[in-house]
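So the protein sequences, as listed, match chains A and B.
Numbering follows my numbering, with no gaps: position 135 of the first sequence is 135.
Numbering follows my numbering, with no gaps: position 159 of the second sequence is 159.
Honestly, I wouldn't trust all of these hints.
Claimed, not checked - Which residues of chain B face chain A? A partial, calculated answer using Cβ under 7 Å: (1) Arg-8; (2) Thr-10; (3) Gly-17; (4) His-24; (5) Met-37; (6) Gly-52.
Unchecked claim - In silico negatives: residues of chain A with every beta carbon more than 12 Å from chain B: (7) Phe-31; (8) Thr-95; (9) Ala-97; (10) Gly-98; (11) Ala-100; (12) Leu-104; (13) Leu-153; (14) Leu-156; (15) Arg-167.
Calculated directly from the structure, the hints in this document are not laboratory data.
Nothing here was measured: the structure is a model prediction, and the numbers come from that model.
Even for Gly, the Cβ is constructed at its ideal location relative to N, Cα and C.
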Amino acid sequence: MTTLRALVIVFLASATAVFQAAFLSHLPFPFSTISFPLLAVAYGIVRDRPLLAVGWALVGGAALDLHGLLGFGAEIMALFAAFFGARFLFLRVLTNAGTAARFLLAAAVAVVHWFALAAIDGARVIFGSLPTLVDLSAASILAPFRQALVNGLLLLLIIAIEEAARRRYSRTFLSHASSTHALP
Amino acid sequence: MTPLTRSRLTILTVAAGGLLFFLHLLGVLSNAETWIMRKLSGQESKLAETAGSIRQTVGAPFRVGEIIKENEKLRADNAALDVEIARLTSIREENDELRALLGFAEKQKTAPVVARVLARTPEAGTHTILLDRGSDDGVAVEMPVIAGGGVLIGKIFKVDRATSIALLLTDTRSRVGASVQNAARTQGLVQGERGLSLEMRLIPQNEEIKVGDLIVTSGIESLTPRGLVLGRVDEVQTQEKNPFKKALISSPVAFDRVSVVVIPFP
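Next comes chain B alone, as it looks inside the complex (with noise of 0.2 Å):
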């Protein structure tokens, strides 16, 4: 190949990029996009699930001492749950019975969307996850995200027909209004810090708040329920002269070995 038909060919691939990148705005690519993705989504998520577990494995030997304790500690925190749904269920009940005494209706809710992680995005330092449910899902953007259970890691970024791209709590541009489950119910803001861990700010210096406490979301955003559990309180910093203090909080999730989540309808 000459040079010259070399660097032609050069341009015409670069020409290339610009002519898709056109007719994606244009929108004629959009159901090419969706099905290349719902193809793909079988595949990536073998593969988001096999990395998992490769982390996992190779990561549990030096791990050893940290799994013990946390064993130990999961066993306390069981016992102590269990005497918890005891007290929860009585209420419940006793909840129950007083709502039909008052004669409310339960308000229909539809079936919450279970997504499969398919991906991290590719940019460097964004703490984000691709799931194979999109806006003909039913997603939208600022939608939560929950795995674990009932545990909020993160909310919609951004939507697509067949995609969504969640941003995890962990990243420094996330936030998420958040409360403490003790006597004055006091009011924060959580947000993640470099992708590590996460930072419950912006609590009044007045306000008691202790280690081991939880946090659950406070319901302030439209599209996020109030009590979803957050995390507990690892330590509590405060500085003087700062009218807040700061939190540490620890996630019962191990953002980075998550493969399903679930997304709730408000």
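One chain only, chain A, in its complex shape (with noise of 0.2 Å):
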């Protein structure tokens, strides 16, 4: 069972990967900015399921790298400072996973793995690249934040909608001592 779920994350993972920076990114604001990463590794953290988070970030930051301007690596090791960061926020400093709650822990995983990215980006120039990402353009500087928007709005309609669907689907049960009929 185990191995089966790894497998279904794997190909989600890599697929919505692939989805995401062939198709959605060719699409205009707000859909050129969603990042299934981000949101998978928010998820995981909100329904305290590290694994679906860890795993995700890895395959789908994976992915991404091969479409990526900095280079093999990158995104896997910022959607892993993403995830440490969020977590370190949603265990230490939120006190609920409220609606609040779980919107600044999706715009915080957005901005951290941006500033992550950045990170790696300046690491770069230090032995002698060009920057690529690291630009005091006021688009440039908002990019993370528009996306963190788009991200933290989004995870609370995902959360939204499987909420709705348990309840609508959820398996109910009557009662023994309610119900009227006898026993043979």
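Take the two lone chains and join them into the complex the hints point to.
Structure, rendered in structure tokens:
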């Protein structure tokens, strides 16, 4: 069962990363800023499923790294940093898992992820590469916050849909005590 | 699953990430990465094309007025270009005759590489495209990327074996030497403006430049040929006390809808 789950995560994480890079990125805002690995990391922390979060970060990050500017490993490292940062926030700072906390968590994942990528970019500059991410234009500075907003709202939507579906399709049992049928 | 097992598995997954990175640094994964990107390129280009047509279809009703104006302008441009083509054809014929008289041999050029756009790079705030051609096809860093028949849209920024990444001209980090097609051949530098538009900077105040002037590459970079179209001047901005003025440029190509590009060899 665990192996099957792991395979499903590997398939979903890689397929959604390819879909994100090849399809969503060509659409206008807000669709172009949707990031499935960031959503999965935030969701995994909110639902206390760290394995789902890091597994998705590893596979989704590797798939995005094949499409990325910063070289292989940058996305994986940034997603891991986002996971550890957000998990610290969830366990040590936030006092509940309400709507505002969930939004903040998803936003924090996006912001930490971007700053981790910027740090990697900065480190590459020290070793002689050209900067690719760090840019002082307003649009560039606002980019992680726009992504944080979109991913925060999307996480709330996903959780709302999940909870609504759970309520609608959860199995209900009649209590024996309240049953009027006499057993033979 | 016990919390301890879960923690161990989490640490193992993080370690697997480190191992993957290490193997990549050693070059062990190079063939696998190339194979994956080659296998994905077909599906990715189809996805990119679909996204492009969705974007165009959804946006079209909101752009009817703009499209009508653009159509009128294109008709006028087309008529002017017909005249220009006729003039240039006669000049070319004359040039060919003169070259033949002087005994010049036409320099043999390698056929350019045609590449499909696979994806936009995932890093937020960057304006780049992933192409399905890499160093195996002869693509190298700094090569120009052309769309729409002769319009420069960017330069190759990073190359892998099967793929390459082009930095679009609209990216703030992009710079290209440019000249205005006027009598003075005014020189300047075209750079991206917040991923949305192009600006020509470092134009001396005493140079005459007007709306509608054609801007082309100056050929100052070793791999970018002279004469590639960058766009037309939309607006000229002059500031007192500033020794230079700048011009806002509109490219004839919609950068976000490009699906096929050409990379010429020098």
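Outside-interface status for A/Leu-104 - nearest CB in chain B farther than 12 Å: 19 Å, holds
Per-residue hint verdict: B/His-24, partner chain A, C-beta under 7 Å: B/His-24 check passes; min Cβ-Cβ to chain A is 4 Å, inside 7 Å.
Interface hint status, B/Gly-52 versus chain A (Cβ within 7 Å): 6 Å, holds
Status of the B/Gly-17 interface restraint (C-beta, 7 Å, chain A): Because about 5 Å separates B/Gly-17 from the closest Cβ in chain A, which is inside the 7 Å limit, the hint holds.
Non-interface claim for A/Gly-98, where every Cβ of chain B lies beyond 12 Å: Non-interface label stands for A/Gly-98: nearest chain B Cβ at 24 Å, farther than 12 Å.
Beyond 12 Å from each Cβ of chain B, as asserted for A/Ala-100: 23 Å, holds
B/Met-37 as chain A interface residue, shortest Cβ-Cβ below 7 Å: Because about 6 Å separates B/Met-37 from the closest Cβ in chain A, which is inside the 7 Å limit, the hint holds.
Least C-beta distance from A/Leu-156 to chain B larger than 12 Å: 20 Å, holds
A/Leu-153 and chain B, when compared Cβ to Cβ, separated by more than 12 Å: Holds: least Cβ distance 16 Å, greater than 12 Å.
Chain B versus A/Ala-97 - minimum CB to CB distance exceeding 12 Å, so not interface: 18 Å, holds
A/Phe-31 and chain B, when compared Cβ to Cβ, separated by more than 12 Å: Non-interface label fails for A/Phe-31: nearest chain B Cβ at 9 Å, not farther than 12 Å.
Interface restraint verdict for B/Arg-8 against chain A (beta-carbon cut-off 7 Å): 10 Å, violated
Checked against the numbered hints above, the structure breaks hints 1 and 7 and satisfies the rest.
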